[in-house]
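These are the residues of each chain, in order.
There are 2 protein chains.
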Amino acid sequence: MSDSIGTYLIQRLLAHGIQHVFGVPGDFVLGFNKLLEESPIQFINTCDEQGAGFAADAYARLQGLGCVCVTYSVGGLKIANTTAQAFAEKSPVVVISGAPGTTECIKNPLLHHKVRNFDTQFKIFQELTVAATVLDNPRTAFAEIDRVLAAANRYKRPVYIELPRDMVNKPGNPDLQTSSPPEISDPDTLAEALKEAVGLINAAQQPVILADVEIHRFGLQDALLQLTETTNIPVAETILGKSVLNEPHPNHVGLYAGALGSEFARQYVESSDCLILLGVFLTDLNLGLFTAHLDPKRSIYVTSEKTSIQLHSYDQIRLQDFVQGLIQAKIQRRELNLPPSSHRPLKFEVVPNQAVTIARLFEQLNSFLSDDTIVIADVGDALFGGLGMFIHGRTRFLSPAYYASLGFAVPASLGAQLAEPSARPLVLVGDGAFQMTGMELSAIARYGLNPIIVVLNNQGYGTERPMLDGKFNDVLNWQYSRIPEILGTGCGFEIHTEDELAAALSASRSHLESFCILDVHLEKHDMSAALNRLTQALGERVVTTS
Amino acid sequence: MSDSIGTYLIQRLLAHGIQHVFGVPGDFVLGFNKLLEESPIQFINTCDEQGAGFAADAYARLQGLGCVCVTYSVGGLKIANTTAQAFAEKSPVVVISGAPGTTECIKNPLLHHKVRNFDTQFKIFQELTVAATVLDNPRTAFAEIDRVLAAANRYKRPVYIELPRDMVNKPGNPDLQTSSPPEISDPDTLAEALKEAVGLINAAQQPVILADVEIHRFGLQDALLQLTETTNIPVAETILGKSVLNEPHPNHVGLYAGALGSEFARQYVESSDCLILLGVFLTDLNLGLFTAHLDPKRSIYVTSEKTSIQLHSYDQIRLQDFVQGLIQAKIQRRELNLPPSSHRPLKFEVVPNQAVTIARLFEQLNSFLSDDTIVIADVGDALFGGLGMFIHGRTRFLSPAYYASLGFAVPASLGAQLAEPSARPLVLVGDGAFQMTGMELSAIARYGLNPIIVVLNNQGYGTERPMLDGKFNDVLNWQYSRIPEILGTGCGFEIHTEDELAAALSASRSHLESFCILDVHLEKHDMSAALNRLTQALGERVVTTS
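In order, the protein sequences belong to chains A and B. For reference, each letter of the first sequence is one residue, going 1 to 546 in the numbering used here. For reference, each letter of the second sequence is one residue, going 1 to 546 in the numbering used here.
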């Protein structure tokens, strides 16, 4: 007796390291939920599907693959946005959706949850994923599962699997399993590109590596470390690449993001005569809204999708092979001559009774970080202020820094801590973003996790006020610190002053048994220096009429 | 100087009766938000875009058109699901999304919020709406606005308008305005169909009207009333049609929904020799999961999309013209011989200290309804229990009874009360659905509305337990009655017994200044008789393997 389609799917998820699947049940997916419950995978209920989508995204960023499992339409279409974010920021999330049984769809009846046609959801997810399938054929189902999971791994982007409910327990066909040959670099092209790159690097006065998101996603942090330690070529990082090298490392130049990042890193990178861009996304936010200036004529640019040196390009080179090739090539070792990192935290001196400001909030948080902290920043000043933080470990800073969907951080901490139980998330989230998804603290409470949530409470969408303000930027004030009373667990703190913050952080550090939530009251128009620069650049566009 | 595109759009919304627009701002839509703020339209901030989508849907069901306004991708894709519901249940919602400026998109840069291409969102909304446009051309923008709003009115389904931020203040071209000729019925076809229908009706022993969702949507409640009062042909209603005729009316047969509805209505309708189906959706839930039995050979079936009598069909007949034609035709007036409605509430006798059960909860709520109550039921036993309620006014029962997306009811009450300020919503919502969107009470608090929220707290997804149970059907218990402490307003009640419920309902009736929330504790496996019948039918499908 062959495995059922549902059982095979679970086996393949396990083989890819998935231990947790996030979602909300529904009648079209209940059968698969039951199979999951009986498997070694733990199903994690969130309050809303959106929370499950964000949690799976964070899980994928840390574990290498994430999975969200929902019902048809009323579940699936709720995670269109979170899947779009995973696509945009290269996070390999497997979306599994239940669906009506194949025999129920004959004659196209008006079954509940149907939108226009039975394939409406499938068509939408084709736009949002790199591979999509409907497992409506037992003969091909196993091969289809293999195909889409391989695509998730290859492109580090989301994939979609629709599972009609009458197929869950149908036996599949193991003979048709395809093991597609592993994608490899063309050896001659790789050799030629490496030879050219090594020549340029060795001839350069001040080469520098700019490392970005794909180093995280392809698990190349060790290789990057080896490359910089072997050659002493310093490493700068982009916003999406933040913490790709642990920041205390002496070869760490700092954050390069045009006007948004470190001024030292900006000068260092932009004056380099040989820029080695590894896995870089050339996005507006990553580049400080195009305030960055990178000269392609001095660049070696390698990603999973494209390789170019100066103004010409090479096909069929894998990022990981190129990085390995650089490590093994005869690149001359240099003397390192970098000053200590500019944002290494000084001891923070609390001024009692002094109101918390954004600038000093991040200094104070910076001195609180420890080796097991994973910082998760929502969009807004949570992110821009967070850019200046000095992250200890590698891949210990998560933020939707390109797609920029508000409401990521709280549910992301659920996914992050399940992916890395030894880490403790420090969540930075504005009040506007918290009100979108913050009640996923319910799921965090249910599964006994203990992130520390810092709500930047400035009574509205602070990022937008300096662009164009109005009542539409206000949000109602909540008593965030009392949410533990609703959920029956958790520890809340209301904070106006630096000494109150110090006491709350200290209490949170020793309170391990549940989440802590810190309601940090900030002045309505206060903002970080980085946000100030950003909104000046953005504001000009918002009000433009041409 | 011609109007700007943004100004013209606002004028057209006002002309269609829109007084409130729901949404969340974002940088790509801020300019239009500012224009809205300066207009007579009130912009209503919700916590999350999902809440805005549901609120606009409810507003559309009552007012005739609703509008949700969001930013690009991170806003728009969050309302894919609510727009799908509006499509599936024929609710005319105008989706307005900000977008990058047309000049910003040249060369396809990686601007924040972009998914795959700049038109990804547009392509997705083409699947979810009956008309979609990108206002990227000042010459055609006014005509495009007219075209999509006309489609919303014609089909009573959602439409999509994407507004690049550099177009908001651009002057449009008033000369190209198209006033498409109003769609009319073909006079000869209409006359022939009416003649045939009237002949069948007059020859019948027991004709009955089955009225559904399109009577609500096309504003034909008055016409239906006139038709039944002129002819004394009784009216049964479907689930989506519930309250299309005010239920105390002597011509009201009751709810017809196969095994889900009233047994009297079922016998009456199924033994009729002439069924007049007006604006009916033949969906699974509407028909009690296909436990209904309607014989097309005895049917006159008219909707906005299709007209058929017995087994033949007519083209180009408008629903409203057909109903008017029936009113004006010489249909013989009959003697009415109906018993009083079976679910007219008796005086409810509270048993002190008796735990609340689902069955008696709905009896107790039924006796609480008054002429200004609008019942809004979420999916699950909130809906199935609610079916037995005796609604006073017309179009005073809202529920996503076909698409069945959990989490509709609380944000819907925001939209409903703004559309009809004289009505007071009574929201029936399960604990699972409440945890999805219930914190939109924040928006309800902000705008000073006063719905009464009844949380059916049975510790999980009660609809799913009888189909297939597992830990995935559990939800964490919240202290729902203490949410007012988080929001700084509102009145909470914790309820275990009938006398506690009576006291809370009485207090809620006189507490007009803010919302009330009643946490009604129910036994985990308790359920309404209707849900019991439904889940038995559904359960067989969930576990089927073939």
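Some clues are possibly wrong.
When chains are identical, the list treats them as one kind, so a pair holds in a single copy or across two.
As the list claims (entries may be wrong) - For lysine to aspartate or glutamate, the following EDC-like pairs were computed, each having C-alpha atoms within a straight-line distance of at most 20 Å:
hint	residue 1	residue 2
1	297	3
2	524	119
3	330	474
4	471	38
5	524	263
6	471	3
7	195	499
8	297	273
9	524	349
10	123	270
11	330	104
12	471	37
Please keep in mind that the hints were generated in silico from the structure rather than gathered at the bench.
For this session: Run the structure past the numbered hints and jot down the numbers of the failing ones, going up.
Result: 1, 2, 3, 5, 6, 7, 9, 10, 11
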